[in-house]
Amino acid sequence: MPVAAKPALKKPADTMSSQGIASKKASKGGKGKTPRGKDMDDMSEMGEVGDEWMQQKTMVKPDDQLELTEQELKEEFTRILTANNPHAPQNIVRFSFKEKVFKQVASVDQLAIHFSLDGNMLHKDSDEARRQMARGGLAEAPSEPTVAEGEEKAGEAAAEGGEGEAKPEGEGGEAEKEEGATQTAPAAKGGDTKKLTNQFNFSERASQTFNNPYRERGTQTEPPPRVNFSSTANQWEIYDAYVEDIQRQEKSKEKKGFRGQQESTSRKKISAIESQGDDISRIEKPAKILERMVNQNTYDDIAQDFKYWEDVSDEYREQEGTLLPLWKFSYEKSKRLAVTSLCWDPKYKDLLAVGHGSYDFLKQTRGLICLYSLKNPSFPEFIYNTETGVMCLDIHPAYPHLVAVGFYDGSVGVFNLTEKLQEPMYKCTAKGGKHTDPVWQVKWQKDDLDNNMNFFSIGGDGRVVSWTLVKNELLCTDVILLKLDESPADGGEGTQLFTLGCGTAFDFHKQTDYLFLVGTEEGKIHKCSKAYSSQFLDTFNAHNMAVQSVRWNTFHPKIFISCSADWTVKIWEHTSNMPLFTFDLGSSVGDVAWAPYSSTVFAAVTSDGKVHVFDLNVNKYEALCEQVVVTKKKTKLTHIEFNPNYPMIIVGDDRGYVTSLKLSPNLRKMPKEKKGVEAAKGPEVEIAKMDKLLSLVREPPPEKK
Amino acid sequence: MSEVEEMLKRIQGHKGVIGIIVVNSEGIPIRTTLDNSTTVQYAGLIHNLSNKARSVVRDIDPQNDLTFLRIRSKKHEIMVAPDKEYILICIQNPSDN
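Protein chains in written order, with UniProt numbering: chain A, 1 to 705; chain B, 1 to 97.
One or more of the hints may lead you astray.
[Unchecked claim] The list that follows gives simulated cross-link-like pairs (lysine to any residue, SDA-like), each with its CA atoms no further than 20 angstroms apart:
#1 A/Lys-333 - B/Gly-13
#2 A/Lys-375 - B/Val-4
#3 A/Lys-375 - B/Gly-27
#4 A/Lys-285 - B/Asp-59
#5 A/Lys-610 - A/Trp-567
#6 A/Lys-285 - B/Gly-27
#7 B/Lys-84 - A/Asp-240
#8 B/Lys-52 - A/Ser-230
#9 A/Lys-333 - B/Gly-16
#10 A/Lys-285 - B/Ser-2
#11 A/Lys-375 - B/Lys-15
#12 A/Lys-285 - B/Glu-3
Calculated from the structure, these hints are not laboratory results.
Bound conformation, chain B alone (with noise of 0.2 angstroms):
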């Protein structure tokens, strides 16, 4: 229980990450470290967008599943870790300071 919280406190305090959200599988945010408005957005598109990804995997092959997913922009890179019921999203910004 409390590893779990942890786990998400030392992501949060890792170097670059700007925030955490964590959704469930409707796609309606439980957990995040940023703004609500951000959050919703975030949460909505990425819910989509990682079910698609899925979606591609395991239609190619059945027995394989998605693993992680990561969004790599200019400015930032979305990571997102899907599960059976919950999808974790975190924002990075790599390397660089």
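Isolated chain A, as found in the complex (with noise of 0.2 angstroms):
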């Protein structure tokens, strides 16, 4: 700058040169230009003033002085002083947007900064200056002593002016001292207590650091596996959910505690896999319910019948009733055989039991158990096929899926229905004492002492014979031989031979446990106690012929019947010998059955195919219906039975075939109500009913009773 600054400084300078200034008389050598000439002309001007008193000076010509001529050098120039900057552009050319064109800019700056320098003053009033007191801790001080200085120099004048010089000249002494000890306060504490930042130029200091280059890395996962998941939360589902942990929990404390069981659990294992492996044995319950449903449909009026149909016209009949044939039970393969013995299962009211054998000594082949429901009669529920044929069975009263059989060849059965097996779960051996002749009957008693569960069972050889049913085994024990005539002949060294009869039925009391009543093929009926298993407490000369079967009244006590071959059915009371009805049926009669709601209906059935039903309250000599039931003719009805809880019989026939037959409500008559009294229902009135006919029928009774 201070050459730049030359030439601008020499145009004032022109100016003041001619008062002279001799330093710059030297530094002028060196630039050979006209000013300078003009210069020399100052120059020499001065020095000829400086000659005046100084010593003689030489002048100095430099060597590269122009040369000029006289009269060049007495050429004047003009020299104009403006304020324009020498150095500014004068033709600054600008681009216009608007115009599209280069337009030259009018005028330029002609501003030339010479020298700058940044001070470090702030005006007192300024903020920035403020807040740096502030810090200070000098607030308004300083600008107070300022204030003060300004009054007390008024003052000062002042007091020159007028009162005490003391007064004044001390504040004013304080003034000043405190003016200069404020004074120095600040300049002290400037100094000395706190470093004030430096407000004033900054210096920031960055550097920029090596950013490092940027790689982007990626890899791709295996999306994890998805499984669409959809429910719907019900009152049951959360029902189930709640069910499922019960039953979780169950089993892990039964686990806890029987870990012995482990067989139990083992076999359950196979039996879930086994089940799991085939699809098609899954739907095993839904099949049997749809059987059920199509059986339904089709035999949907029979059903109906069943239910709901009651033969009108028995109000027009006083004595008389009908047999409304329902259901008929067939299997293809029990065709041949003829039904020995029907049973209605205790439990389930809809199921049957069926026997199926032969009753021709020369024709024996196999036999069969069938059990029906009536929600389905097209088919059996269980099939049991046996070598021999099956003479009867007895379903138990307690455990409905045991069944005891006794079969042709003398040798007994039970059959668990809950197994799959075809074979009987116990069955009796030859050497465990069966029958040598073939079983009649079959009958469940109550468990005996040790819990066991047993039944008596009575055979063509005599014996009615008691079996107990013993972890696996059947043990029998002889309750009674059916002995023919009461005196022994002698067998010679003092035994005693017996000819055994032939029992063909029994039956026991409902009410007295030991009492029994066992009916023979020579036509005697014996009255038997279990625990006498020598003697007969009474016999009955019943029949002519083998009695087929014998029963005791559902509620009267003391009275039975019994049937026969010899075409009779007759009716007992236990203590008389003589019968109190005999009937004439025509035909050889093959089974009779009490009714299970009166104590006075009776049912039985003929060879002929007839179902005779008589109610004696209502006739005591003539039947109240008679009915073939049968389609062909010369099929023998073999057996009979009332169900416990509906208004209807079954009856077998030698073809194979069960029919079930509704009663008609003439058939099924309660005592006449009498107005504003109840009917009393229950044994206490069957038995005065029973009662009352007897009373009428016996004759005058002996005072033994």
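Using the hints, build the complex out of the two chains.
Structural data, given as structure tokens:
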């Protein structure tokens, strides 16, 4: 700048150079320009002036000075002093976007800055200064002493002009002192106590670090396996979840408690696996339901009849009733086998058991046990094939899955319906004391003292045997032997030979457990007791031919009925030797049964295919109903059973069919209700009814009773 | 195993039965005695209806469950026996031949 300033300075210096500055002369050397020429003139003038009191000064001529002629030296140059900046460009051109043309800028900035220096000072009253003061802790103090100074000065002036000198002077002095003190104080404070941060010239020091180059790295993972799950939250779903949870808890408790029962669990596992393995077996239950539904459809009218049909014409026929045929049960393989026994299941009211065999001595084939449900008349629920003919069967009253069966070959067996075996669960062997002749009847008894189940059987060999189920065996005990005569024949050496009769039927008393009746082939009926194994309590010469069936009355404890092949049905009181009633049915009577709802109603079947129903309360001499129930002639009816719950009977014939019939209202008569009095029902009423009957029939009773 | 097969045969041979379909829990028929298109149609429609019916029964009382469902129409009767895993459908012409 000083170099650049030279020529500019020279111009004002030109005017001032008349005064002369010696130093500048020296520095001018070296530049041969016309302004210098003028200076030379001045210099010469000055030199002349200087010469007066300076010693002689030789003129120094620089080597490269312009050689100018005198004329040229005398030439006058006009110099105009303007305020224009010689360095400012004069031809600045800007592009005008409006006119899309380069245009010269009209006026150019002529300001030339020679020197600039940034100062450190702040105005006292500016914000920044105040802030600093505040930081210094002086707030407005500096301004005060200055104000005070001003005041004091004024005061001084006034004081000088006026009053005592001491005070104002003192004050002035104080003020000065204060001033001085305050002046020094900020200075000192500025210097010593606080380091005020540099607010004036910040220098930011930043440095650019080397940026590491970025690299992107990515991997693609296998997406996690996804499954779509959807469900509804219903009340029953929640319920199911709770039930499952409870079951799981129970299982875990069981496992903790019974670790020894691993066998059963393993068995269950096996069965579970088996059942899962085969798809088709899992629809067994719905298939069963479906079959029943289909049957219900087909036999719809029968089902309706069964439930609702009541023969209206019974109202007009006082002493007659009818039997309405309902379902007919048959199985293709049983068509050549006679029905040898029928039994209703005590627990499942629609289940009936049918035993098939043959009564023909010469034609002995296999046997069959079928259990039908009323809901499906076209196919049995359970089927068991046996090698020999089944002669009798009985379902346990407490355990409806156990069926005791007596066979033609004299053996007995117990079938378990819950297991899928075709074999009986228990079977007696020849050693085990089976009968040597066909077993004509079996009957379950109450559990004995050891809680073992037991049943009785009666066979053609004249033995009444009690069988007990102990673990896996059948233990037999002879209860009684059916001896023919009272007097045994001598068998030599003191032994007694007995000829045994052939038992064909028996029945146990409903109330007194030990009392039972036995019917024989000879036509006799023996009253026996379980306690006495050698002797009968009583004997009735009941019939001329074999006794087919003996039954105690359902309600009355003293009455029983018997039927025989000699065409008769007789009703007895067990205390008397003579029958109370005798009915001749015109044909060999196969079976007779008391009705479960009345003490005076019973039904009998004959080999001419007829069913006879009697109600002694209504008609003591004739049947209320005599009806042929078989389609083909020459079909003998072999068995009859009343259903304990519904007003129907089932009848088996020797062709293997089981026909079910509904009893019309006349056959189910209850004692007439007197108006205003409730009809009393129950055993007592029935007994009373019977008693009334008996009193009419009975001869004046001896006092023995 | 074979018992069930026999049972199904018996049902199929029963008087008036037109056909039988066994459907699994997803509504896919696994066994049928009818032609394909009919089977698929029945399976799909009945499956939904059966589930809905069961839902109705169980919503009212969760301890209850649907035993069977009968839809009687003018021409025939559709009988549905549902199970936990399967549904059995049978179409029968009831009573009148």
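Structure-based check of each hint:
no.: 1; hint: A/Lys-333 - B/Gly-13; result: 18 angstroms, holds
no.: 2; hint: A/Lys-375 - B/Val-4; result: 18 angstroms, holds
no.: 3; hint: A/Lys-375 - B/Gly-27; result: 29 angstroms, violated
no.: 4; hint: A/Lys-285 - B/Asp-59; result: 23 angstroms, violated
no.: 5; hint: A/Lys-610 - A/Trp-567; result: 12 angstroms, holds
no.: 6; hint: A/Lys-285 - B/Gly-27; result: 19 angstroms, holds
no.: 7; hint: B/Lys-84 - A/Asp-240; result: 12 angstroms, holds
no.: 8; hint: B/Lys-52 - A/Ser-230; result: 16 angstroms, holds
no.: 9; hint: A/Lys-333 - B/Gly-16; result: 24 angstroms, violated
no.: 10; hint: A/Lys-285 - B/Ser-2; result: 14 angstroms, holds
no.: 11; hint: A/Lys-375 - B/Lys-15; result: 16 angstroms, holds
no.: 12; hint: A/Lys-285 - B/Glu-3; result: 11 angstroms, holds
Hints 3, 4 and 9 from the list above are not met by this structure, while the remaining hints are.
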